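Novice: Take a look at the letters that make up each chain.
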Amino acid sequence: MARAVTVRTKVVYSAAAWAVGLLIFFPVLWTILTSFKTEVSAVASPPQFLNADWTLQNYADVWQRSDYPRFFLNSVVISVGSTLLGLAVAIPAAWSMAFVPGKRTKDLLMWMLSTKMMPAVGVLIPMYLLFQRIGLFDTHVGLILALMLMNLPIIIWMLYTYFKEIPGEILEAARMDGASLRNEILYVLTPMAVPGIASTLLLNIILAWNEAFWTITLTTVDAAPLSAFIASFSAPQGLFYAKLSAASTMAIAPILIVGWFSQKQLVRGLTFGAVK
Amino acid sequence: MGQITLKQVRKSFGDVHVIPGVNLDIKDGEFVVFVGPSGCGKSTLLRLIAGLEDTSGGTIDIDGKDATALPPAKRQLAMVFQSYALYPHMTVYNNIAFPLKMAGMDKSAIDAKVQDAARVLNLTTYLDRRPRNLSGGQRQRVAIGRAIVREPKAFLFDEPLSNLDAALRVNMRLEISELHQQLKTTMVYVTHDQVEAMTMADRIVVLNAGNVEQFGTPMELYRTPANRFVAGFIGSPKMNFVDGPEAARHGAHSIGVRPEHVEVSTSAGSWKGKVGVAEHLGSDTFLHVNVDGLGLMTVRAEGEKQLHHGDDVWLTPDPSRIYRFDKDGRSLKAA
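Chains C and D are the protein sequences, given in the same order.
FYI, the numbering for the first sequence is 1 to 276, going by the working numbering.
FYI, the numbering for the second sequence is 277 to 611, going by the working numbering.
Derived from the structure by calculation, the hints contain no laboratory data.
Misleading hints may appear alongside valid ones.
[Said to hold, decoys possible] To give an idea of the chain C side of the interface with chain D (calculated C-beta under 10 Å), a few residues:
| id | residue |
| --- | --- |
| 1 | Ala4 |
| 2 | Glu169 |
| 3 | Ile170 |
| 4 | Leu171 |
| 5 | Ala174 |
| 6 | Met176 |
| 7 | Asp177 |
| 8 | Gly178 |
| 9 | Ala179 |
| 10 | Leu181 |
| 11 | Glu184 |
Keep in mind the model is a prediction, meaning the values are calculated, not measured.
Just so you know, even glycine gets a beta-carbon here, dropped at the ideal spot from N, CA and C.
Please model the complete structure; the sequences and the hints are all you need to start from.
Specialist: Spelled out as structure tokens, the structure:
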């Protein structure tokens with residue numbers, strides 16, 4: 001029997017949902033608003049909202065004072081590079097775990113996930129020294145490798161869950177049809193898993209784009225992405241909230257736009273396995 | 277050519293011995309059906325031949341060459357799966373063309389072969405469709421098309437008709453039999469349906485718990501079953517079995533009589549009983565009779581037989597068609 005939903009219940013639930021949504025979005029909104037205020041207006045107490053002095057000067061200052069395009073390009077290279085490299089490693093790995101599982105496959109998956117439970121700062125010193133010694137410090141290759149390794153467990157888990165939903169008989173059919181392992185993965189598995197691979201790709205680009213801990217500690221100038229760009233505006237001589245906000249807005253804008261246009265893929269990627 | 281020889285083929289999953297050791301010689305061009313109850317290892321045996329499972333022991337020769345260690349792609353066998361296993365992201369055309377592409381054939385040769393197969397299987401108008409837009413029977417045809425274009429040494433069928441409805445199943449059964457007559461290629465076919473086995477096979481392999489109970493033509497299995505299991509499995513309705521003193525009277529541990537080898541009378545006969553259920557099919561009437569002291573027996577009578585629930589009947593088995601079994605279920609030769 002269908003449950004009758006009263007108008008009042010609908011209104012209450014909608015209002016609650018909007019409230020939670022606004023609460024989550026508020027810091028981002030406030031950052032964007034602050035970026036359009038003067039420095040004085042930005043730190044005014046009580047906070048100014050509609051009565052603030054609005055300006056575009058912060059953006060002009062930030063653009064002049066730093067090399068935004070270079071940071072942006074670094075962000076693109078590192079996030080896209082680490083995700084693609086991660087996929088290249090994870091697709092065969094997830095294939096073997098999903099279709100030819102061994103006795104320890106489940107343990108292996110859990111172990112991989114457990115590496116994500118360790119605080120990153122725990123390996124900061126060894127990683128830092130290692131990168132310094134082998135010349136990976138402040139290089140694209142170094143950061144791509146670091147972020148790829150960091151996100152690899154998530155990529156493998158997502159793909160594994162996706163591959164598990166593909167019937168094994170179809171892959172066996174490909175084998176019977178004379179496909180080598182490479183062709184089986186290339187022509188049959190991958191095209192069937194495109195929606196899963198796409199959402200994995202998007203989510204991991206976003207994760208890599210927003211990663212701040214390693215990107216800030218393992219770079220100085222050459223390979224520094226937008227996270228380092230934001231950090232560079234929190235100077236020791238005092239915070240410039242408005243400029244910092246402008247920089248942050250500029251840093252998150254590209255990924256926000258990408259995320260907006262790929263919402264459907266992302267939601268599917270984040271909820272698959274939950275609904276069959 | 278498509279001769280397949282299994283020598284002492286074994287398969288275990290951990291401690292479970294699914295196939296304890298099978299010897300089999302499938303001749304070139306033969307239609308062989310593996311039949312048995314579910315879990316008897318018939319699909320596993322087929323997958324061992326296909327190379328989709330590794331053997332735990334023994335050898336599989338294809339055309340006299342040892343293929344035991346060859347990957348499935350190198351065995352030149354084609355397989356039709358129960359779920360059809362079509363590639364959902366490819367059109368019918370590309371599904372059928374896939375094995376030819378994998379073989380590195382050039383485009384025009386592929387096109388000729390795909391068009392040819394589509395004509396044979398009545399799929400010409402569906403070539404641009406995706407599998408999800410096809411009916412069950414059409415999907416089955418695409419799966420068969422994908423198998424025939426490669427001109428394999430043998431076709432392997434894994435319960436290909438079990439997802440179809442009854443009417444379509446009879447049609448496809450005929451189509452596969454006709455295909456075999458046209459192509460004259462070896463076919464190995466797995467089913468749990470003894471009617472499919474009897475109607476399609478040149479020779480039937482009856483499997484039980486991974487063992488070959490009997491390997492012979494359908495009529496050999498029907499007339500001279502090697503044991504009680506085969507006797508009970510082949511034939512529909514099932515053979516009636518009688519143990520105890522009545523069997524001892526025939527010098528056996530148990531005896532079996534097929535429903536079609538029993539005479540029904542309302543006046544006199546060997547065994548007296550009461551009709552429980554009478555199934556009037558039109559062409560035949562199946563009577564389920566409670567025989568005094570022997571239990572429930574199924575009898576096939578002519579279609580017009582006017583017998584109903586509660587009627588008293590006398591049954592007389594045809595003495596030349598009584599099967600006798602020893603205490604291990606093995607058939608005893610006629611005394």
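Novice: All the hints need checking, so say for each whether the structure fits it.
Specialist: To see whether the hints hold, each was checked on the structure:
{"no.": "1", "hint": "Ala4", "result": "37 Å, violated"}
{"no.": "2", "hint": "Glu169", "result": "4 Å, holds"}
{"no.": "3", "hint": "Ile170", "result": "5 Å, holds"}
{"no.": "4", "hint": "Leu171", "result": "9 Å, holds"}
{"no.": "5", "hint": "Ala174", "result": "8 Å, holds"}
{"no.": "6", "hint": "Met176", "result": "4 Å, holds"}
{"no.": "7", "hint": "Asp177", "result": "4 Å, holds"}
{"no.": "8", "hint": "Gly178", "result": "4 Å, holds"}
{"no.": "9", "hint": "Ala179", "result": "5 Å, holds"}
{"no.": "10", "hint": "Leu181", "result": "9 Å, holds"}
{"no.": "11", "hint": "Glu184", "result": "9 Å, holds"}
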